[in-house]
Structures are given as C-alpha cells and as structure tokens.
Amino acid sequence: MSAALFSARGIRFRYREREVLAGVDMEMREGEMVVLLGPNGVGKSTLLKIFSGLLSPYSGEVSLLGRPPASYGRREMARLMSVVGQDLPVDFPMAVEEYVALGRFPHQGFFGGRTAEDLAQLERALAMTGLLEMRRRGLGEISAGERQRAAVARAICQGAKVMLLDEPTAFLDIYHRVAFYEVVTRLKEECGVSALVASHDLSLCAEYGERIVLLSAGRVMASGRPEEVLTPGNVRKAYGVEVACDRNPATGAVRVSTLRRK
Amino acid sequence: MSRPGAVIAALGAAALAAIFLSLSTGPASVSVGQVLDALSGRTAAGTPAETAERIVLSLRLPRALLGCLVGGALSSSGVAFQALLRNPLADPYILGVSAGAAVGALCAALLLPGDAFLPLPLCAFLGAALAASAVFLLARRRSGVSRERLILMGVIVGAFLNALIMLMVALAPPGRIPGAVYWLMGDLGLGTPRRVGILLPYVAAGTAVLFLLSRGLDLMLLGDDAAFQAGLPVEKVKAAAYVTASLLAGSVVAVSGLIGFVGLIVPHGARVLVGAGHRRLVPAAFLMGGTFLILADIAARTVSPSGELPVGAVTALSGAPFFLYLLRRNGGAA
Chain G
1 MSAALFSARG IRFRYREREV LAGVDMEMRE GEMVVLLGPN GVGKSTLLKI FSGLLSPYSG
61 EVSLLGRPPA SYGRREMARL MSVVGQDLPV DFPMAVEEYV ALGRFPHQGF FGGRTAEDLA
121 QLERALAMTG LLEMRRRGLG EISAGERQRA AVARAICQGA KVMLLDEPTA FLDIYHRVAF
181 YEVVTRLKEE CGVSALVASH DLSLCAEYGE RIVLLSAGRV MASGRPEEVL TPGNVRKAYG
241 VEVACDRNPA TGAVRVSTLR RK
Chain Z
263 MSRPGAVIAA LGAAALAAIF LSLSTGPASV SVGQVLDALS GRTAAGTPAE TAERIVLSLR
323 LPRALLGCLV GGALSSSGVA FQALLRNPLA DPYILGVSAG AAVGALCAAL LLPGDAFLPL
383 PLCAFLGAAL AASAVFLLAR RRSGVSRERL ILMGVIVGAF LNALIMLMVA LAPPGRIPGA
443 VYWLMGDLGL GTPRRVGILL PYVAAGTAVL FLLSRGLDLM LLGDDAAFQA GLPVEKVKAA
503 AYVTASLLAG SVVAVSGLIG FVGLIVPHGA RVLVGAGHRR LVPAAFLMGG TFLILADIAA
563 RTVSPSGELP VGAVTALSGA PFFLYLLRRN GGAA
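Line by line, the protein sequences give chains G and Z. Letter by letter, the first sequence follows residues 1 to 262 in the numbering used here. Letter by letter, the second sequence follows residues 263 to 596 in the numbering used here.
Hints were generated in silico from the structure; no laboratory data involved. Heads up, the beta-carbon is just placed ideally off N, CA and C, and yes, glycines get one too. There may be inaccurate statements among the hints.
Which residues of chain G face chain Z? A few of them, derived with a C-beta cut under 10 Å, are [stated by the list, open to error]: (1) 52; (2) 87; (3) 94; (4) 98; (5) 134; (6) 135; (7) 138; (8) 154.
A short list of chain Z residues far from chain G (calculated; beta carbon distances all over 12 Å) [as the list claims (entries may be wrong)]: (9) 275; (10) 278; (11) 478; (12) 530; (13) 541.
Bound conformation, chain G alone:
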C-alpha cells in the first residue's frame, strides 16, 4: 500500500455564518485518482482550496506529506501540487502557449528565462491536451472548452506530483471529456501523478476513478470504489434525484442513468 499523500481530519469551514464543511475526513494515497462528487454548493471547491493552502479551516487538520500546507514555501508547494480552478482568464490578449508556459514558474528563477526542460514540458502539455495547433492563438479567441483544456495544460506543464482539478470538464464536449480522463490516467500510470477531480460526471467518474468521495451536507457521505458509492440510495440522498445503476456491458463499470420524475 502506498503512503498517504494528504489527509484531512475533521475539517470545518464557514463563510461568514454559513457552515459549508462540517467535519470532513478524507485521505488520498500516492498515485491514486480520486473523484470528488456532490451537489452544487456542497463545498467541493472550498475543500480543494483548503488542500492547496488557499483557505484555512477553522477547525480540523490538513496534512500534505505529513506537514500542514501553510508550512510549505509557495514555490515548493507549486512544484508539489498544481491546481486547475474554475475561473479562466480572458481579459488580456495572451497566447495559449504563453499561458501554458506560466506553469513553469515554480521551476524557474523569479527573473529567469526558459530552459530546455521548460520547453520540453510545454510541448508535452500542449500535445497531451491537443492544443498544438492553436498554440499561438489568443485566449480571447478560443472557446470556453479550449480555454479549459489550456488550464489543464498549464497544470500538466507545472509538472507536479499532485493535481487538484475543480470541474475541469464542465465546458468540454464528450470527446474532450473522455480525452481529459485518458490524459489524467496516462499521467498517473507514466509519471505516478495523483489526481483529485471535483466533478458532476457520474458515469465517466465511475469509468475512470479508482475511488469516489461523495460529499453531502458538509460531510463525506460515502467513500470507496465506484460501485460502492454510486448506488441509487446514495445518489438520491446526496442529489435528490432518482437514478438506476447498472453495469456498462462493454466495460463492466457502474453506469448511472437518471429517471424521469413521475
């Protein structure tokens, strides 16, 4: 069994009076791909921000490789963990490759130029996300889905061992959703990258995720293998919708189908 990469114990967080996380316990191991599920506003993004050191919980403990996130230097942390958030910049005419190359910042001096390694990582990230052809186009000239792929490319370019991705497939078509999960799986297998993906894609998560953590009402409602977590009862309790769960005849993964309200 691989070592614990990070763990959270009794995490509580509130925005003003509203308590969002009411005691979250979870753990992630090295080389694991974990999918974080839960309805809108349940605190998935907040939890990812706590893991990346952006927010501090008002009670509970987070540890990344045995240390609290706040004890890491900014660059040291960025070399260890890359994050794809939900907001994508569009206000300034920056070329796709320039934007992706910003991921190399923690590996460079503050004033330093690009090394051969930086350029190699840039090419690899652009190739993995299918952005080579539009590398010189401005971020404002490409679609929301393409910008989202550029954000994933920037995280890949950062070359970190852990990736936190907040709904990285929200704007993607089905081809690019599948491509995204394939890329994360490839990074895991080839480079030992661990990924924590917040998502709403129940069936694709079941296909690619090794473990699913389902958040509801500020706590972890269920955690485990996809077939253990994605049951009609759990989905009804977390999301308030009726679903049927069966197996995909081609792959054997859990398949979640929504049922019409009567």
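Keeping the supplied structure of chain G fixed, place chain Z upon it in accordance with the hints.
Below, chain Z without anything else, positioned relative to chain G:
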C-alpha cells in the same frame, strides 16, 4: 530578431524621431541643420546659431525628454495597475493615486514658503503613497485585497481628493499658486534640465523594478488564487508593484501635473503590438507612452496660434477616439 524584439526596436526609433521632431518644432524657427549642430555642439559663439542652440538645448530638449519620461512612466504605471487589478480600465487616475500626488504637490505650494520646487516632488510622492496606502488599507480584508474593492476604494478616495484639489485651488490666496489651473490640466512647460534630472532617477528605478517584476505581473493576470497556486507570493508582489506604480505616477504628477488617458490607453496599444507578456510589454509601453506624449505636446504647442494648449487636453482629445478604435479593432476583447 523576434517579432516583439523588432517591434520594441521600432518603438525606440519612433521615440528618438519624436524627440527630434520636437526639437525642430516651435514658434522660433530652427532648421534641422541647426538642431543637428546644437546636438553635436558645433555652433560658433556669438552667431545667430548660438541662439538656436540655446533654444534647442535649454528649452526644447528638456521639454522633449520630460515628455518622454512622463509618458513612459504613466504608461508603465498603467500596465502595472491593469495587471494587478486584472482590469483593463485601471490606471493611476482611476485609482486616486494621481489625485493624491496633486494634493501633496498643492500642499507644498500652499504651505511652504518661497519657491518650493525642490520639496514639491517629494510632497507629491508622499501624497501618491498616502493615497495608494489609503486605497490599499481600505480595500484590505482578512482574506486579502480583492480587485473589485481596490478599484471601488480608488474611485472613492480619488473623488474625495479631487474635491480637495478644487477647494485648495478655489480658496488659495491670489497669486500663491500661479499656473495651478494649467498644471492641473497637465503641462510639460515646466521642463528644465534640473527638473528632468530630478525626475530621471525615479522613473528609471521605477520602470526597472516593474520590468524585474514582469513574471510576477504575468502570473497576476491569472487571478489571485491561481497565481498563489502557481507558486507566486501574491501579496508581496502586489504590494511591491502597487507601491512602485504609485510612486512612478506620483513623481510625474509633481513635475507635469495631471495628464490623463496616457496610462489607460497606451498599455492597450502596446498589448496589440507585443502581446500581454510583461517582459516585452513594460519596455514597449514605456517607449510608446513617451512617443505619444511628445507628439501630443508638439500638437499642444503648435495647433493654437494664440498660445499653448494644456497637453492633458490634447491627450484626452486624441486618446478617447484612439481607445474606441482599439476596442473596435479587437472586437471588444481589448
């Protein structure tokens, strides 16, 4: 040479050409040959050419250099504010920093005895720094400084300081602040070799600091959270760039008054030419801003037969349509 490198070289050549044009333009007619002679120091004493040399070297050259420094400083400052606030509408004026500098300079002129030129820039820096700190502190919350609050506080502090400026000018004893109204509209006529010499180190140091911060400014375009997660010490870079940009704007206000629109539009024009990366954008915007202000000053000195116009009026008159042109050209993405 790469395309951005060639563009920056061309902008440098344009700045030199604008300075040369400025030296040969004015009410006294000075030929191109006389300008060249004056610059190379080949004029014989006691000839009419010596008068031309004096006009070129002690009147027009300081004015052209002042225009270049002021335009460059305002543009670099605008580049930094726009990146910090991730807002294409930010500039030293919108944030109240220039108004703070003007209040500082007016205080010096009203309260200090005699010819208070020397402490004037110092008081303007203080005013700019105080206004910037006030905006920064008012916008600050426990979670950090949000861009929206920063610009809102800038507008509020700026409005308050502009009211103070009007009060000070209206209530000042007659003759105490001669030329204040002109100065408030932006004026490069105060360019003397001494003033250029006082301004130069501030503008050079400020622009150099912004150039050194260019990678940090690139990351700031991602937004505070993403810049933090990408490994940037966000609050430190923000504070350093904010103070530097404020002092750049403050120092030029002391010497040339309130010249609007340069810090807002030049960065956009420079981005169209060299892109959003700050390592190219800071020098490109500096050169473009310097050139633009020298040309605006030439226009201000020559269009009206009855005398000079304030250069701030010319920058605003030509800047607003240019801004619209940029917006249309970029399909609203500028």
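Now the hints, each set against the structure:
Below 10 Å, beta-carbon pairs count as interface contacts, and residue 52 (chain G) has one with chain Z at about 5 Å; its hint therefore holds. The restraint placing residue 87 (chain G) at the interface with chain Z holds, with a minimum CB-CB distance near 6 Å, inside the 10 Å limit. At its closest, the beta carbon of residue 94 (chain G) sits 4 Å from a beta carbon of chain Z; the interface hint therefore holds under the 10 Å criterion. A cut of 10 Å between beta carbons decides the hint on residue 98 (chain G): the least distance to chain Z is about 6 Å, and the hint holds.
Because the smallest distance between the Cβ of residue 134 (chain G) and any Cβ of chain Z comes to about 15 Å, over 10 Å, the interface hint for this residue is violated. With a cut of 10 Å, the hint placing residue 135 (chain G) at the interface with chain Z is violated, because the nearest CB-to-CB distance is about 13 Å. Interface restraint check: residue 138 (chain G) against chain Z, minimum CB-CB distance 7 Å, threshold 10 Å, status holds. For the restraint placing residue 154 (chain G) at the interface with chain Z, the shortest Cβ-Cβ distance is roughly 8 Å, inside the 10 Å limit, so the hint holds.
Every Cβ of chain G is farther than 12 Å from the Cβ of residue 275 (chain Z); the closest lies at roughly 24 Å, confirming the non-interface assignment. Taking the minimum C-beta to C-beta distance to chain G, about 27 Å, the non-interface status of residue 278 (chain Z) holds against the 12 Å cut. In this structure residue 478 (chain Z) is not separated from chain G by more than 12 Å, as the shortest Cβ-Cβ distance comes to only about 7 Å. Distance check on residue 530 (chain Z): its Cβ comes as close as 9 Å (rounded) to a Cβ of chain G, failing to clear the 12 Å threshold; non-interface status is violated.
With a least beta-carbon separation of about 9 Å from chain G, residue 541 (chain Z) fails to lie farther than 12 Å from that chain, contradicting its non-interface assignment.
Taken one by one, the earlier hints fail for this structure at numbers 5, 6, 11, 12, 13, listed in ascending order.
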